[in-house]
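Chains as they are written, first to last, in the working numbering: chain W, 76 to 409; chain P, 76 to 409; chain X, 76 to 409; chain Z, 76 to 409.
Calculated directly from the structure, the hints in this document are not laboratory data.
Misleading hints may appear alongside valid ones.
Which copy is meant is left open, so a pair is good if it fits within one copy or across any two.
Think about it this way: if two alpha-carbon atoms lie no more than 27 Å apart in a straight line, the pair counts; the simulated DSS-like pairs of lysine-lysine are [what the hints assert, rightly or not]:
| # | residue 1 | residue 2 |
| --- | --- | --- |
| 1 | 129 | 142 |
| 2 | 153 | 129 |
| 3 | 145 | 193 |
| 4 | 142 | 380 |
| 5 | 335 | 270 |
| 6 | 193 | 102 |
| 7 | 187 | 129 |
| 8 | 187 | 229 |
| 9 | 335 | 223 |
| 10 | 335 | 187 |
| 11 | 403 | 277 |
| 12 | 335 | 393 |
| 13 | 227 | 335 |
| 14 | 129 | 402 |
| 15 | 277 | 98 |
| 16 | 83 | 335 |
| 17 | 223 | 83 |
| 18 | 145 | 194 |
| 19 | 194 | 98 |
Number of protein chains: 4
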Amino acid sequence: MVIIMEAKATEDQIDNVVDHVNKTGLKARVVTGEERTIIGVIGDERYLEEAHFKTLPGVENVFRILKPYKLVSREFQKDSTIIKVNGTLIGNGHRVIIAGPCSVENEDQILKSAHIVKKAGANMLRGGAFKPRTNPYTFQGLGVVGLKLLQKAKIETGLPIVTEVLEAADVELVSEYADILQIGTRNMQNYQLLKAVGRINKAVLLKRGMSATLQEFLMSAEYILSEGNHQVILCERGIRTFVEYTRNTLDLNIVPVVKKLSHLPIIVDPSHGTGRTDIIIPMSLASLAAGADGLIIEVHPDPEKSVSDADQTLSPEKFEELMVKIKKLDAILS
Amino acid sequence: MVIIMEAKATEDQIDNVVDHVNKTGLKARVVTGEERTIIGVIGDERYLEEAHFKTLPGVENVFRILKPYKLVSREFQKDSTIIKVNGTLIGNGHRVIIAGPCSVENEDQILKSAHIVKKAGANMLRGGAFKPRTNPYTFQGLGVVGLKLLQKAKIETGLPIVTEVLEAADVELVSEYADILQIGTRNMQNYQLLKAVGRINKAVLLKRGMSATLQEFLMSAEYILSEGNHQVILCERGIRTFVEYTRNTLDLNIVPVVKKLSHLPIIVDPSHGTGRTDIIIPMSLASLAAGADGLIIEVHPDPEKSVSDADQTLSPEKFEELMVKIKKLDAILS
Amino acid sequence: MVIIMEAKATEDQIDNVVDHVNKTGLKARVVTGEERTIIGVIGDERYLEEAHFKTLPGVENVFRILKPYKLVSREFQKDSTIIKVNGTLIGNGHRVIIAGPCSVENEDQILKSAHIVKKAGANMLRGGAFKPRTNPYTFQGLGVVGLKLLQKAKIETGLPIVTEVLEAADVELVSEYADILQIGTRNMQNYQLLKAVGRINKAVLLKRGMSATLQEFLMSAEYILSEGNHQVILCERGIRTFVEYTRNTLDLNIVPVVKKLSHLPIIVDPSHGTGRTDIIIPMSLASLAAGADGLIIEVHPDPEKSVSDADQTLSPEKFEELMVKIKKLDAILS
Amino acid sequence: MVIIMEAKATEDQIDNVVDHVNKTGLKARVVTGEERTIIGVIGDERYLEEAHFKTLPGVENVFRILKPYKLVSREFQKDSTIIKVNGTLIGNGHRVIIAGPCSVENEDQILKSAHIVKKAGANMLRGGAFKPRTNPYTFQGLGVVGLKLLQKAKIETGLPIVTEVLEAADVELVSEYADILQIGTRNMQNYQLLKAVGRINKAVLLKRGMSATLQEFLMSAEYILSEGNHQVILCERGIRTFVEYTRNTLDLNIVPVVKKLSHLPIIVDPSHGTGRTDIIIPMSLASLAAGADGLIIEVHPDPEKSVSDADQTLSPEKFEELMVKIKKLDAILS
């Protein structure tokens, strides 16, 4: 941590800050400049809060040097994590395509979906049984019935299942059916839920919060790892900006940045990230070109009849078209 | 709902949209323009999704006319809601000042805090027992012990208690101690939690999510009302923008807008909303001048020693100064 | 400047950074931490660019300590600037109300406007003769004819004139008619224009850019002061965020922050800042309560007939109502 | 245009709106719903302002149906524009790579740069002679001397020149040296400058404003086309968001959306768009995969010695690495 004193800070104020630093068990090193004094803090600052020093008299600003996350950082683990789910590898060059409908609606729909995505060459099936809906008056998902239908689809096609869990109390139940538990964007900072999935032995797909900074995103992953579960896949799904032509602003820049700072794999959700069926294909290709370890995409046998997210769902034909292009791109990516 | 067809939409496509509208039980009215056809949908569209129509062939855009929320709207209830908590009124000109430390730290700290805020003229005591922390390695709150300390402070001072609840499983427990249950910004769209507090008979303080639109904010309140609990107080606490000089951008514009659209009271949290001790006083006065029904403010007997949020907490002296200014302002506000 | 080295930085890399610092004529002070080395730069860093050091091998991050602006800062000038325009004072507790139509439309409209705002108690008249319009096909202002009409209104009422200048080539012309030259939000970083108004002896109203950080805003003011003109009034007019219920997000937080960092006065434009007639009154009061040195407000004799900005313009009646409330508020503000 | 009346709107208010529509020469079509009346406006609404109707009594909201831009729209011109600059084609599958230093610094630097980018296979040379700098105390460009050096580089290598013009008064001068005139992000809404470049016969590279919506971006292009110059290349260069790990948020989503709405080519600037040397390569590939018609990239013979933008500039080696990858990608893109 570096503490910048105000130009007019007194010697007493500087001494007082040094005292505060010493009390934390760390060491202070004072550097006297022409206009200002700065105080370097030496030692493991991970448990310190900037706020604590910012309020001391004479302090102008405080910069953190060490990142507050540890287990998820590439400094902690140099090699990229590779996650194995039912034989499919994710991370470090192994790219995964997860596809399926927004919600599990009925047996016919989910089985058809599973066969469509399998035929096109996807690796896993997605589908929501517990749905977090903005509107209390709309369809909230089939719940356990939906989980059982996903299981049926898995038995028929062999595709592993990715599905969302909404609260800590449901983690055990959803784990019985899912191969990857999804934490949705609205729950990225639901710490009770993060801790709960941190205690199981299943891969977790952690979606970025709508306005999460990179540090907040990684800290949420750190919550899961800190409880013992290291099988975390990050997922960029669009952020909230002033932009009006996409529902969210898919932020692909995070992909190469995450790869520098963390060893965890990161995939992209261009369906939620853009909210526009008509640009999912180019943005999927862009995601992989930016270095993503995979995609999660909404596909429905008949998008117009989809009970939710119809405007960001690919038809079977469009999904096949995408998979053909992905294969061509895959061949030239290292 | 108004459906705008593309300039090149065919008659068949227009007929197809009309068919889809009719199937929902509503009526379609076709208006043929010079360049485009628009289709008005007549009937209660509250349960329809725009997405469903947006994907039909030939459709360019879909606008919703009716708001998706109902119980929270001023159209549904013309008179402003007044919430009564242990004799204190909130809403429709009744302004409440809630103050206290970020976290309950120990008996001495919370009792001192209670006496300070009471003496200065505040109406209620705030303090966190269950803390949602970004960092898994920092203080997570005293839990039940904290709740019991808050109770003690209430017995000593008579101040009603406002404290946060983090998950549905804790609602019953927290209700035993709290007079107002707070839903934090990270949980604004934790629908399981919203439903749980919707089933109790206690006032709920619903904080706006960091990037919540007004509609999302009101829909979250609608979740609570739709379960039966109409005692909801909204709270603006800053949004996430590009701005770098405040931790969040306190968005006071929402105050007069909420008052037009909803009958619910709305208060402001300038502590979290700005993250800067040095501007809490002017922004508190601005909040009330904008029409807020109250404030929730962080006050600590010794901010420098606060375990959390030290840089957005008022000292007892500054809080007294603020209360004097609030009283002067109060006298000229209608 | 503080330079943070990577954990794995070598001694050679540290020496190389020290060499680079020395070459700039400043001094480097090395502080060796447990995990990382930091290098403090001693001397006037105002002319250094962080970017230059960020790219050196082994450097993780660079923090600037001294602000890049100087003349506008409160460190440079401790006392608040008071600007005097035709006898009216602005700044340091002297609050100004500037009002009038978006555009000068014709003689009748601008004279009526002038009498309305004067009668209600405003200090100055605003009105656009050169209009920066998003749409090339809409009204672009009356130009010189508009300036002459403003002059007529000034002669009739005695109100000083505030009007916009769009390019360096027009500065001389507009100066002949205006008492305060306005630099619009789209031109906040039009440095040729800033330099041009920096060379005249008239007050300048500098509007914040739609997505300007505080530092960029103050640097634009610095451009004007650095050319010799110190009569600059800053103006908050709303920023671009994800928020959908106001055209812009009026960011009142900047008011008390500017007052800490700069000696220049700052006023608020709630008309453009919100884009909503129905909330201009509460947001005007909030602006003054937050400490603003004045307001600039759109008023039109007949808003429905206004050629531009009809939806953010007060009627004469509403403006009078506002002025009555302002006077009450003024009495209790220090 | 569709005008939505309030639920409580009276017949008189509806009649009044119809009257207003009729006065504009367009036709009103009234659709009476169960809760609300909507009024469709038939005719060319391009010159109408929503604001005008929004303020009429009883009106709740107004939606524009026709876009306000015309010449730039794909409805106006179905085939993609292909721009030809000294034999190089841009648009409709013809991709261009523009590269070079941020600023022209001296003869050696710009000639070296030109040879580097030519050797690596780029099509054009960029370099700034007139620089818009946030800081008035830093290097502002070599001006005419810089233009002459660019000319020298062009003579030596044959590479066409792309350079920025800052004000209308300089358009003629810069046109003598440049093959493409660049309008920078800060000037996207400098309408005097847009009109000036609209009157010349040279290609214009129009950079997106830092917080420009798509409509504003296209309207700025419309300004240029409306003056007669149809050779406009759009350029995405990052938007301002809350994100902290990139200087701007490169918004690739706009690429496929622009291609739907407009016939103009669009290229991407990953240097300014990210501000990070270390992610320019993946984001360049992502840009092309998203469908961009080219890239503009900062390259410097010795980035550490660059007078500006050192932290977003590729070294010759990195640029060569990128060009190799671009060629592989190019082969599989249609």
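We went through each hint and held it up to the structure:
{"no.": "1", "hint": "129 to 142", "result": "both (18 Å within a copy, 18 Å between copies)"}
{"no.": "2", "hint": "153 to 129", "result": "between (33 Å within a copy, 23 Å between copies)"}
{"no.": "3", "hint": "145 to 193", "result": "neither (38 Å within a copy, 42 Å between copies)"}
{"no.": "4", "hint": "142 to 380", "result": "between (47 Å within a copy, 23 Å between copies)"}
{"no.": "5", "hint": "335 to 270", "result": "within (25 Å within a copy, 40 Å between copies)"}
{"no.": "6", "hint": "193 to 102", "result": "neither (58 Å within a copy, 40 Å between copies)"}
{"no.": "7", "hint": "187 to 129", "result": "between (58 Å within a copy, 23 Å between copies)"}
{"no.": "8", "hint": "187 to 229", "result": "within (12 Å within a copy, 60 Å between copies)"}
{"no.": "9", "hint": "335 to 223", "result": "neither (39 Å within a copy, 41 Å between copies)"}
{"no.": "10", "hint": "335 to 187", "result": "neither (39 Å within a copy, 31 Å between copies)"}
{"no.": "11", "hint": "403 to 277", "result": "neither (32 Å within a copy, 38 Å between copies)"}
{"no.": "12", "hint": "335 to 393", "result": "between (33 Å within a copy, 17 Å between copies)"}
{"no.": "13", "hint": "227 to 335", "result": "neither (39 Å within a copy, 40 Å between copies)"}
{"no.": "14", "hint": "129 to 402", "result": "neither (52 Å within a copy, 30 Å between copies)"}
{"no.": "15", "hint": "277 to 98", "result": "neither (42 Å within a copy, 43 Å between copies)"}
{"no.": "16", "hint": "83 to 335", "result": "between (39 Å within a copy, 14 Å between copies)"}
{"no.": "17", "hint": "223 to 83", "result": "neither (68 Å within a copy, 44 Å between copies)"}
{"no.": "18", "hint": "145 to 194", "result": "neither (41 Å within a copy, 44 Å between copies)"}
{"no.": "19", "hint": "194 to 98", "result": "neither (63 Å within a copy, 33 Å between copies)"}
Against the hints set out earlier in the document, violations occur for numbers 3, 6, 9, 10, 11, 13, 14, 15, 17, 18 and 19.
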